[in-house]
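First residue of the sequence shown: 568, per our numbering; consecutive thereafter.
Hint data in this document are derived by calculation from the structure and do not stem from the laboratory. All C-beta atoms, glycine included, are put in the ideal place defined by N, C-alpha and C. Any given hint could turn out to be false.
Label-pair ranges, simulated between beta-carbon atoms [claimed, not checked]:
#, residue 1, residue 2, range
1, E570, N686, 38 to 46 Å
2, F680, E761, 25 to 33 Å
3, G669, L765, 22 to 30 Å
4, I734, S674, 38 to 46 Å
5, R670, E758, 21 to 29 Å
6, T762, R670, 31 to 39 Å
7, S694, L592, 46 to 54 Å
8, G727, F750, 54 to 62 Å
9, S600, F759, 24 to 32 Å
10, I734, P685, 36 to 44 Å
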Amino acid sequence: MTERGAGTSEKHFPSRIFLQLTPVLQTSVLSVSVSKSSENPSIEIGHEKTIEGSFDPPNSYLGLKVSAGETVTMSLKPWKFEQSVYGDSANLNWFLHDSADGREVFSSKPSKFALLHPNAWFKNRYSSVYRPFTRQGGVIFAGDEYGKAVCWKVDKGAMGKLMEWEIKGWIWLTYWPNKHRTFYTETRRLEFRETLQLSFS
568 MTERGAGTSE KHFPSRIFLQ LTPVLQTSVL SVSVSKSSEN PSIEIGHEKT
618 IEGSFDPPNS YLGLKVSAGE TVTMSLKPWK FEQSVYGDSA NLNWFLHDSA
668 DGREVFSSKP SKFALLHPNA WFKNRYSSVY RPFTRQGGVI FAGDEYGKAV
718 CWKVDKGAMG KLMEWEIKGW IWLTYWPNKH RTFYTETRRL EFRETLQLSF
768 S
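Take the sequences, apply the hints, and build the full model.
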């Protein structure tokens with residue numbers, strides 16, 4: 568983005584994160600359980616208009632006063648979290664959604680109108696009140712909304728022993744304009760794989 572003349576706030580952001588956790592030696596695993604997935608992203612926009620009227624004393628010039636007010640409420644859930652079990656593997660998925668239409672960001676592109684609109688949700692995404700990212704570009708998750716744990720039940724013979732775990736992951740990184748005026752968008756995918764040794768206590 569620097570080569571394109573964009574500033575430091577123009578950066579790729581994670582739009583989908585997939586992790587798969589698998590015990591390499593599976594003979595000791597009895598069962599796997601995951602907490603429930605989150606609900607679909609909620610987009611609740613409330614619009615309330617009020618008109619109040621009152622009568623003045625008879626000797627006033629108009630005799631009627633009218634005042635109008637408008638209240639807007641909004642509730643957004645940008646991230647959807649899904650958990651599933653495949654064999655002895657636990658699959659964890661985080662999906663970022665566009666609040667304007669509810670589409671998954673990693674598999675879609677914004678319209679040109681959305682890219683030009685100054686108040687689009689993904690504009691100023693590191694400072695807006697409903698931001699899914701920190702100002703440093705980190706991801707904002709909440710444990711009470713996106714699950715807390717994955718549990719493997721093992722037999723007693725595995726207690727206190729080292730066990731190898733494979734962690735595979737894919738991260739989709741998307742660029743949509745933040746403050747830069749451009750129609751350029753893209754999504755790339757990064758893959759990684761690690762092996763850890765952990766003991767059951």
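Hint check results:
1. The hinted range of 38 to 46 Å is not satisfied by E570 and N686, whose Cβ atoms lie roughly 28 Å apart.
2. Range check, F680 to E761: about 42 Å between beta-carbon atoms, so the 25 to 33 Å window is missed.
3. Roughly 38 Å separates the CB atoms of G669 and L765, a value that falls outside the hinted 22 to 30 Å.
4. I734 and S674 have their C-beta atoms about 24 Å apart, which leaves the hinted 38 to 46 Å range violated.
5. Range check, R670 to E758: Cβ separation about 24 Å, and the 21 to 29 Å hint holds.
6. One distance hint, 31 to 39 Å for the beta-carbon pair T762 and R670, holds here, with the actual separation near 36 Å.
7. Here the CB-CB span from S694 to L592 is close to 47 Å, well matched to the stated 46 to 54 Å.
8. In this structure, G727 and F750 meet the distance hint of 54 to 62 Å, their C-beta atoms being roughly 58 Å apart.
9. The given range of 24 to 32 Å is respected by S600 and F759, whose C-beta atoms sit roughly 25 Å from each other.
10. For the hinted restraint 36 to 44 Å between I734 and P685, the CB-CB distance of approximately 41 Å keeps it satisfied.
Checked against the numbered hints listed earlier, the structure breaks hints 1, 2, 3, 4; every other hint is satisfied.
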